[in-house]
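Starting from the given sequences, assemble the full structure and let the hints guide the process.
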Amino acid sequence: MHHGNHFYGHAHVLAGYCGLDPDAPPRIDGYLQHGWNVVDGLGAGTPYAPGRPIFVWSQRTRRRAWSMGRPLATVIGSPFLYLLRSTPDEAVADGSREGTIWYPFHGWEGQKVSGDHHRLIDEITATEPGPVTFCLYWNEFQDSRIRALYERAGRVICHGYRGYMRMRTDHRFLHHQLAELRRHRRVASNRLSTAILYGTAAGCDPAVYGDPMYLDREHTPTADRIRREWPELHGAAPDPEKARATVLAELGDGHLAAPAELRAILGWVTT
Amino acid sequence: MIRMIGGEMPEYAEERLPAGGDLYRHLTGRLPTGIRVLVAGPHDTGLVEALARHREVTCLVRSQPDAEKIRVDGVTVLCGTLSQLTDTDRYDAVIALDGTGRLCSPEESPLDWTASVRVLKRALRPGGTLLLTVENELGVHRLVDPGTPTADRAADAWHPLGEFGSAPGRPDRLAAALGAEGLPVAGLAAAWPLPSSASLLVTPETLRYGPLDALAALAAAAAATAYQGRPVLSDPRRLAAAAVRRGIGAELAPAWLAVAQRAPRPGQAVPFAPALVAGPSGAITEIVGASDGSWLRRAAHGPAESPGPLPAGRLLEERLLSAALRHDLPELRRLLTGWMSELPMVAAGNVLVDGDRYAVLDPAVPELPDALARLAHTLITGGYHHPWPGVTDVTRLIAVLAGASGLTDAPGLIGPPDRHSRREQEGQLEALRRRLADAEARAGFFEVELEKREAELGRAKTQIAAFSGSLGYRAAKAGLVLARAARNRITKGRS
Chain R
0 MHHGNHFYGH
10 AHVLAGYCGL
20 DPDAPPRIDG
30 YLQHGWNVVD
40 GLGAGTPYAP
50 GRPIFVWSQR
60 TRRRAWSMGR
70 PLATVIGSPF
80 LYLLRSTPDE
90 AVADGSREGT
100 IWYPFHGWEG
110 QKVSGDHHRL
120 IDEITATEPG
130 PVTFCLYWNE
140 FQDSRIRALY
150 ERAGRVICHG
160 YRGYMRMRTD
170 HRFLHHQLAE
180 LRRHRRVASN
190 RLSTAILYGT
200 AAGCDPAVYG
210 DPMYLDREHT
220 PTADRIRREW
230 PELHGAAPDP
240 EKARATVLAE
250 LGDGHLAAPA
260 ELRAILGWVT
270 T
Chain S
0 MIRMIGGEMP
10 EYAEERLPAG
20 GDLYRHLTGR
30 LPTGIRVLVA
40 GPHDTGLVEA
50 LARHREVTCL
60 VRSQPDAEKI
70 RVDGVTVLCG
80 TLSQLTDTDR
90 YDAVIALDGT
100 GRLCSPEESP
110 LDWTASVRVL
120 KRALRPGGTL
130 LLTVENELGV
140 HRLVDPGTPT
150 ADRAADAWHP
160 LGEFGSAPGR
170 PDRLAAALGA
180 EGLPVAGLAA
190 AWPLPSSASL
200 LVTPETLRYG
210 PLDALAALAA
220 AAAATAYQGR
230 PVLSDPRRLA
240 AAAVRRGIGA
250 ELAPAWLAVA
260 QRAPRPGQAV
270 PFAPALVAGP
280 SGAITEIVGA
290 SDGSWLRRAA
300 HGPAESPGPL
310 PAGRLLEERL
320 LSAALRHDLP
330 ELRRLLTGWM
340 SELPMVAAGN
350 VLVDGDRYAV
360 LDPAVPELPD
370 ALARLAHTLI
380 TGGYHHPWPG
390 VTDVTRLIAV
400 LAGASGLTDA
410 PGLIGPPDRH
420 SRREQEGQLE
430 ALRRRLADAE
440 ARAGFFEVEL
450 EKREAELGRA
460 KTQIAAFSGS
470 LGYRAAKAGL
480 VLARAARNRI
490 TKGRS
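Sequence order for the protein chains is R and S. Letter 182 of the first sequence, counting from 1, is numbered 181 in numbering that gives the first Met the number 0, and no numbers are missing. Letter 26 of the second sequence, counting from 1, is numbered 25 in numbering that gives the first Met the number 0, and no numbers are missing.
I should point out that these hints are in silico values taken from the structure, not numbers from a laboratory. All C-beta atoms in this analysis are idealised placements derived from N, C-alpha and C, irrespective of residue type, glycine included. Accuracy of the hints is not assured; some may be wrong.
Said to hold, decoys possible - Here are the simulated SDA-like pairs of lysine to any residue, each with C-alpha atoms no more than 25 Å apart in a straight line: (1) S:Lys120 with S:Tyr208; (2) S:Lys451 with R:Pro49; (3) R:Lys241 with S:Lys451; (4) R:Lys241 with S:Pro329; (5) S:Lys451 with R:Gly44; (6) S:Lys451 with R:Pro46; (7) S:Lys451 with R:His116; (8) S:Lys451 with R:Pro25; (9) S:Lys451 with R:Gly50; (10) R:Lys241 with S:Glu330; (11) S:Lys451 with R:Arg51; (12) S:Lys451 with R:Thr86.
Unchecked claim - The following residues of chain R were derived to be distant from chain S, with all beta-carbon distances above 10 Å: (13) Tyr16; (14) Asp22; (15) Asp28; (16) Arg63; (17) Met67; (18) Leu71; (19) Thr193; (20) Ile225; (21) Gly253; (22) His254.
Structure (structure tokens):
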């Protein structure tokens, strides 16, 4: 239905899990939550067709969506968790996890981050015990000035382009991300974000520290609230077990639907 | 033989069914033989016949046509109004399982409950036994009734008091009231699902300390049978089960049955088992406590329908609904998977679940191939929140539930769905209004989207036309036209 369902290849991952063609996911009867947030699971300001269901990751998000006037929410868990559970982890077998994958906070295409990249990089190299891989958002990755800054401190990668209006979507965005996460021991960022949740679920120890940097006209109380509400995920070395429990709940662990159930929920029943 | 005692109703026949049923018949059958019995008020002829086999029976009815229909050997029929009953005839037992509501005729000022009981008491010998049903004006049957007794238009509703009447409103008050009239109570039970035909009798103690989950399931099952096809305000099964489970089963029971004695006399009482259940085949099962604290079912009359230990656990349907309401998907999937692998053909309302054990409550109930579809129907039309609010179509919800049960598909509804209560209808109306409003809003949303896309398409067409209408293309096209014309002229010249 909405092009947001195709962001990061979410619809593609779910189609593959349901036994359908992962390159041509059928139309989803509703809207998928495409990233972790502290509102109703949907992207702010995106117009959604009224009365259509939304498919959120966790019970907490579902309850919040209800309180925000979105009663048609169904918890299905995050597509990343479906991918994680159905992709064998080869890195664990050979014990080759090493270093930290670091996600500098980014906005999306229309937003600009203000902050001091130099100071942040210094803090990261002082904190991280091993080699650091910087994962930049695609627009920062394409900015040679920013990329050069990070390249001086470590390896720089980009998982791909999440897509827009179903154009140039990297269907295997999450696959790239999962493979990278599984190569690292730690996952870190200067803001608690989706990537931290994914990394923790994929077996990395999380860390959230450093200059949080702010977006243009950002609603700072929300950022403050996130730090207050999820202290177990903040700091240079939070307790990994506590962090993992929180992360799995936020990603909807235990709520993943079986393929037949998911097909019926998403409107992929052919009968 | 009919004796007109005064105040009879020559033209009127009772409109509602008399008190009866297998359970009442079983109870009256346990009165000692050889005694004199007065059956006061309309009672089922079968019950009178069974009583009269070994006892001297007199019936008291107000309707003359009904009196004439009682043609049972050896039975004396008194036709008239209650207050005309004299104390010249005394009985060892008085049976008033229809209560006191249909004993007086229009020919006398209506007697209130206490006055009626006093007349019945006078008809008892010292030590005699009274079997009296008292309707609970706030019982579940009243709470789900779309009508109200205070507005009743029936031909015998000349004195429609309903809950404004003086009958006791609680089982303990009933016992106290009878005690105060010199009729100490020897036994008391809450009756389900209807006052005139109970199929489940449970003592108040059992409703406090007994196997409440199983009793709740039995009360719900009793209501399900009695209310099939009857209009209701809300689902009596849920109300009955919730009342029993939450400890107010005795208070919300449709009626209470009291066994009282005019001065106690040993051997005359009708002892109550903790619970008595009448099965569909007429067999009576009693539920009794075992020494180890568990509960057993055993036959009290007729073949044992399901002897042995009473299954523990809660009604599956309630567990499913409560998991759905809590949006507890893991629990819901566990229950669905367990149910569909253990007892896929048994209705959720007939399964008790205890941990991972699934047991049939009443094996006499026929199998149901569309049990899962019926749950889907209940979730959508029954006014319950569930984890898939976006699915508004029963067929699709069946597919979701099948998937959540570990099945690939499940049969759809076979036969008509369960009747809806008025409250459910109201809920469905509200849901339809919401869906209509959403659909209208969505149509507006799509129009705006369509306009945007049309504008984009228009721009794209202009671009395409501009490129396809380039100078070289137009020159080539003109050349082609000229060449065709030349060829045509040549072909014409030849012919």
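25 Å limit on alpha-carbon distance, applied to hinted pair lysine 451 of chain S and histidine 116 of chain R: Roughly 40 Å separates the two Cα atoms, so the pair is violated.
Given pair status - proline 329 of chain S, lysine 241 of chain R, alpha carbons within 25 Å: Cα-Cα ~21 Å, so holds.
Given hint glycine 50 of chain R paired with lysine 451 of chain S - CA-CA distance at most 25 Å: It holds: about 21 Å lies between the C-alpha atoms, which stays within 25 Å.
Pairwise hint evaluation, proline 46 of chain R against lysine 451 of chain S, where the allowed Cα distance is 25 Å at most: Roughly 13 Å between the alpha carbons, so the hint for lysine 451 of chain S and proline 46 of chain R holds.
25 Å Cα cutoff - pair lysine 451 of chain S, glycine 44 of chain R: Roughly 17 Å between the alpha carbons, so the hint for lysine 451 of chain S and glycine 44 of chain R holds.
Restraint status (C-alpha distance of lysine 120 of chain S to tyrosine 208 of chain S at most 25 Å): At roughly 32 Å apart (the allowed maximum being 25 Å), tyrosine 208 of chain S and lysine 120 of chain S break the hint.
Distance restraint between lysine 241 of chain R and lysine 451 of chain S, which requires alpha-carbon spacing of 25 Å or less: 48 Å, violated
Holds or violated: lysine 241 of chain R to glutamate 330 of chain S, with C-alpha atoms at most 25 Å apart: With a Cα-Cα distance of about 24 Å, the restraint between lysine 241 of chain R and glutamate 330 of chain S holds, given a limit of 25 Å.
Assertion that aspartate 22 of chain R lies outside the chain S interface [Cβ separation over 10 Å]: Holds, since 23 Å exceeds 10 Å.
Minimum Cβ-Cβ distance from isoleucine 225 of chain R to chain S exceeds 10 Å: 24 Å, holds
Minimum Cβ-Cβ distance from glycine 253 of chain R to chain S exceeds 10 Å: Non-interface label on glycine 253 of chain R violated, nearest chain S Cβ at 5 Å vs cutoff 10 Å.
Interface-negative label, methionine 67 of chain R against chain S, beta-carbon threshold 10 Å: 15 Å, holds
Hints 1, 3, 7, 12, 15, 18, 21 and 22 from the earlier list are contradicted by this structure; the remaining hints agree with it.
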